[in-house]
Amino acid sequence: MEGWRIHTGTALALPFDNLDTDQLIPARFMSQPRDAGYDDFLLYDMRRDAHGNLDPGFPLNCDSQASILVVGRNFGSGSSREAAVYALVDAGVRAVIAPSFGDIFASNAVNNGLLPARVSDADGAALLMALSGKPESASVDLETGRLMIGTMSIQFALDGAWRIKLINGWDDIDLTQRHQSDIQTFSKTRRHNAPWVWPHETH
Amino acid sequence: MSAHATLLDKLWSAHEVYRAEDGASLLWVDRHLVHEGSHHAFAKLKARGFGVANPELTFAVVDHYAPTRGRDAIADPNIARMINTLEQNAAQHGIQLFGLNDPNQGIVHVIGPEQGLTLPGLLINCGDSHTSTHGAFGALAFGIGATEVAHVLATQTIWQKKPKAMRIKVDGILGPAVTAKDIALNWIAWLGSDGARGHAVEYSGSTIRDLSMEARMTLCNLSIEGGARFGMIAPDETTFEYIKGRPFAPQGAALDRAMQSWGDLKTDGEAVFDHDVAIDAAKIAPTVTWGTSPDQAIPINGSIPNPDFLKAGRADAARAALDYMGLAPGRPIAGTPIDQVFLGSCTNARIEDLRVAAQVLSGQTAKVPGMVSPGSALVKQQAEQEGLDQIFVSAGLDWVASGCSMCVGMNGDLVGAGKRCASSTNRNFRGRQGRGARTHLMSPAMVAAAAITGTIADVRPLLKGRAA
Ligand code: SF4
Chain A
1 MEGWRIHTGT ALALPFDNLD TDQLIPARFM SQPRDAGYDD FLLYDMRRDA HGNLDPGFPL
61 NCDSQASILV VGRNFGSGSS REAAVYALVD AGVRAVIAPS FGDIFASNAV NNGLLPARVS
121 DADGAALLMA LSGKPESASV DLETGRLMIG TMSIQFALDG AWRIKLINGW DDIDLTQRHQ
181 SDIQTFSKTR RHNAPWVWPH ETH
Chain B
1 MSAHATLLDK LWSAHEVYRA EDGASLLWVD RHLVHEGSHH AFAKLKARGF GVANPELTFA
61 VVDHYAPTRG RDAIADPNIA RMINTLEQNA AQHGIQLFGL NDPNQGIVHV IGPEQGLTLP
121 GLLINCGDSH TSTHGAFGAL AFGIGATEVA HVLATQTIWQ KKPKAMRIKV DGILGPAVTA
181 KDIALNWIAW LGSDGARGHA VEYSGSTIRD LSMEARMTLC NLSIEGGARF GMIAPDETTF
241 EYIKGRPFAP QGAALDRAMQ SWGDLKTDGE AVFDHDVAID AAKIAPTVTW GTSPDQAIPI
301 NGSIPNPDFL KAGRADAARA ALDYMGLAPG RPIAGTPIDQ VFLGSCTNAR IEDLRVAAQV
361 LSGQTAKVPG MVSPGSALVK QQAEQEGLDQ IFVSAGLDWV ASGCSMCVGM NGDLVGAGKR
421 CASSTNRNFR GRQGRGARTH LMSPAMVAAA AITGTIADVR PLLKGRAA
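Those sequence lines, one after another, are chains A and B.
Going by the UniProt record's numbering, the residue at position 41 of the first sequence is 41; the numbering climbs one at a time, nothing skipped.
Going by the UniProt record's numbering, the residue at position 177 of the second sequence is 177; the numbering climbs one at a time, nothing skipped.
Among the hints, a few may not be true.
[To be verified] What the simulated footprint calls covered on chain A by chain B, stretch by stretch (three residues with Cβ under 8 Å from a Cβ of chain B suffice, anywhere in the stretch; the number is not a length):
no.: 1; region: 72 to 84
no.: 2; region: 94 to 103
no.: 3; region: 108 to 117
no.: 4; region: 142 to 154
no.: 5; region: 184 to 191
[As the list claims (entries may be wrong)] Pair by pair, the computed Cβ-Cβ distance ranges are:
no.: 6; chain 1: A; residue 1: 195; chain 2: B; residue 2: 385; range: 31 to 39 Å
no.: 7; chain 1: A; residue 1: 139; chain 2: B; residue 2: 382; range: 58 to 66 Å
no.: 8; chain 1: B; residue 1: 316; chain 2: A; residue 2: 63; range: 18 to 26 Å
no.: 9; chain 1: A; residue 1: 143; chain 2: B; residue 2: 316; range: 54 to 62 Å
[Said to hold, decoys possible] Taking beta-carbon pairs under 7 Å as the criterion, some of the chain B residues facing chain A (in silico):
no.: 10; residue: 17
no.: 11; residue: 22
no.: 12; residue: 25
no.: 13; residue: 77
no.: 14; residue: 78
no.: 15; residue: 145
no.: 16; residue: 146
no.: 17; residue: 151
no.: 18; residue: 159
no.: 19; residue: 162
no.: 20; residue: 194
no.: 21; residue: 250
no.: 22; residue: 259
no.: 23; residue: 430
no.: 24; residue: 435
Hints were generated in silico from the structure; no laboratory data involved.
The C-beta atom is built at its ideal place from N, Cα and C for all residues, glycine as well.
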């Protein structure tokens with residue numbers, strides 16, 4: 001995974017609260033291998049009418065080039081399905097701006113180079129207002145934690161460790177390998193103190 | 001450990017391998033449960049050239065795609081491939097598999113406890129958000145995403161920031177036919193579907209002490225619907241009794257030693273929580289959802305809210321939800337006609353759940369079609385020994401095999417567009433049970449009442465005079 005510091009692209013408003021993972025990617029697509037890309041599945045049912053035609057009124061259908069999404073609160077609540085993040089990433093989204101995120105979604109996002117940027121309720125509302133009707137060019141700076149849209153400059157919150165991971169494109173497995181000997185020592189002690197953790201050994 | 005530690009503190013420090021400067025902890029994982037959905041993680045592992053660090057602590061189960069009928073010849077090639085991929089991954093890495101036709105197969109969060117794989121004091125991970133279920137045993141259990149699943153497979157550890165501690169204390173006696181499901185829907189409706197975000201919830205109080213293990217699992221299972229990744233209950237005699245004699249649980253001297261250590265798994269008297277909530281059990285009524293988020297729930301004798309009277313933040317969501325659900329504001333929720341019922345899922349398909357539903361359904365005929373999918377093959381067997389299957393079948397409901405089924409619809413068990421389903425599951429999200437499906441969450445007893453009346457109905461009058 002490649003790291004990044006600054007991203008400039010088109011910001012689009014999806015003014016919905018609680019866009020949960022079942023909406024981000026309906027379950028029926030999750031048996032697909034990733035190779036062909038998950039972009040087509042993003043918000044599949046929300047973007048279409050009952051006959052499966054793209055609804056021209058849905059924001060994402062007007063500007064599919066958007067790479068920065070400004071959304072309502074509790075974005076990505078629900079299941080642990082990382083496929084919700086794959087759908088966003090494969091559709092070219094690099095940052096999602098919201099007042100709050102589902103916890104598992106946010107860590108899944110960071111593991112895939114997608115920024116979950118948290119803003120205050122007031123800033124979130126102001127951004128949705130500014131973007132209502134039309135997408136705009138915007139830029140996100142991971143280092144300074146700022147989002148710039150037109151004349152607006154908004155501070156977003158991001159966990160320090162996540163910032164470093166996103167900037168460096170780091171994978172946790174690489175980081176963890178450095179603690180291999182700690183893990184081995186821990187495992188030995190655990191085995192000694194709590195042998196029942198190893199289920200086949202207490203019979 | 002100071003005398004001010006919460007259960008969360010104790011579980012956390014018992015698993016901390018290393019703490020980074022930024023405060024993230026590298027935690028040891030005692031138990032890792034995988035299912036068909038873990039195929040992305042196995043693919044990542046392969047791409048990175050890693051093996052499974054501790055296959056003896058890893059268990060695989062077929063549940064999300066498990067067909068509930070016609071298992072011998074799976075018609076859908078996608079489903080067959082998903083199951084086959086898991087079988088291959090399990091075999092290749094030496095992981096014990098509870099396969100489709102294993103007598104112990106079932107939903108991952110049902111069979112973990114049933115098999116004695118879930119024990120107090122363990123850290124349990126699974127690529128499924130309802131992993132919080134296992135916290136009912138005083139375990140640190142939480143759902144993780146595919147990249148994290150690959151990480152646990154490769155290292156038997158997980159990076160995690162310690163959440164804040166929240167206590168939900170429930171005291172008093174629950175009314176007739178009021179269950180753990182109702183306690184959960186109640187606090188979620190009160191605090192919101194993100195009300196516990198960033199917190200580990202510990203449930204305590206006299207009402208919780210009186211709950212069976214099955215009910216405790218239901219409660220911890222639903223914690224995620226209130227935004228908490230962790231739900232937990234300190235282990236006690238009820239917990240130990242449940243564990244004794246389970247296939248993978250320690251026995252004899254090992255059990256004695258384990259129980260001694262488990263006795264300390266409780267919050268100290270002096271401990272302080274970041275957030276404290278108290279609930280009076282007597283005030284809880286059977287509860288149902290009316291919207292598309294689990295916090296859009298009301299007592300069965302309540303009315304569907306009018307968005308005009310809600311706070312600005314909730315009003316728009318409520319309007320959209322009512323539109324999707326095809327409901328009018330201000331009307332009583334009771335009496336709303338339904339099209340079908342579903343009794344199943346890791347939330348409410350344990351033997352106790354089936355018993356209470358059968359008690360309501362006994363000698364009755366369902367007015368609408370429906371399906372009962374037990375939480376595991378063993379639950380199914382037990383129910384059949386007790387004759388519960390006969391009650392369901394005579395009432396006109398389908399009695400099918402175990403799996404996630406209509407909770408998520410991955411196996412093809414779906415609710416049709418625009419159809420209204422009374423469901424014992426955990427999520428009423430748009431499209432969760434199928435595109436355009438309208439889901440009303442409720443307890444198994446309430447699902448049974450809905451079946452008999454063909455409407456959303458209060459189960460309490462139906463239970464009067466029936467043997468408990
Ligand atoms: S029954 Fe539903 S919530 Fe439970 S593990 Fe299966 S899909 Fe997830």
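Query raised in the report: Against chain A, is residue 151/B within 7 Å by beta-carbon distance?
Result: 5 Å, holds
Query raised in the report: How does the coverage statement for the region 94 to 103 of chain A fare against chain B, requiring three or more residues with Cβ below 8 Å from a Cβ of that chain?
Result: holds (count 3)
Query raised in the report: With a cut-off of 7 Å, does the beta carbon of residue 77/B approach a beta carbon of chain A closely enough for the hint to hold?
Result: Given a least distance of 10 Å, the restraint on residue 77/B is violated.
Query raised in the report: Are residue 143/A and residue 316/B spaced within 54 to 62 Å by their CB atoms?
Result: 35 Å, violated
Query raised in the report: According to a criterion of three or more residues whose C-beta lies within less than 8 Å of a C-beta of chain B, is the region 72 to 84 of chain A covered?
Result: holds (count 9)
Query raised in the report: Is it true that the C-beta distance of residue 316/B to residue 63/A lies inside 18 to 26 Å, as the hint says?
Result: 22 Å, holds
**Report entry** residue 385/B and residue 195/A - C-beta distance against the hinted 31 to 39 Å
**Finding:** For residue 195/A and residue 385/B the Cβ distance comes to about 34 Å; the hint holds.
Query raised in the report: Does the nearest C-beta of chain A fall within a distance shorter than 7 Å of the C-beta of residue 430/B?
Result: Residue 430/B check passes; min Cβ-Cβ to chain A is 6 Å, inside 7 Å.
Requested in this report: Report holds or violated for the interface hint on residue 25/B, using the least CB-CB distance to chain A and a cut-off of 7 Å.
Outcome: Status violated, d = 11 Å.
Query raised in the report: Would the hint on residue 259/B stand, with a C-beta cut-off of 7 Å toward chain A?
Result: At about 10 Å, which exceeds the 7 Å cut-off, the nearest Cβ of chain A leaves the hint on residue 259/B violated.
Requested in this report: Would you check whether residue 145/B satisfies its interface hint, that is, whether its CB is within less than 7 Å of any CB in chain A?
Outcome: Hint on residue 145/B: holds, closest Cβ of chain A at ~4 Å, below 7 Å.
Report task. Examine the region 184 to 191 of chain A for residues whose CB is less than 8 Å from any CB of chain B, and state whether their number is three or more. Result -> holds (count 3)
Hint violations for this structure: numbers 4, 9, 12, 13, 19 and 22, all remaining hints satisfied.
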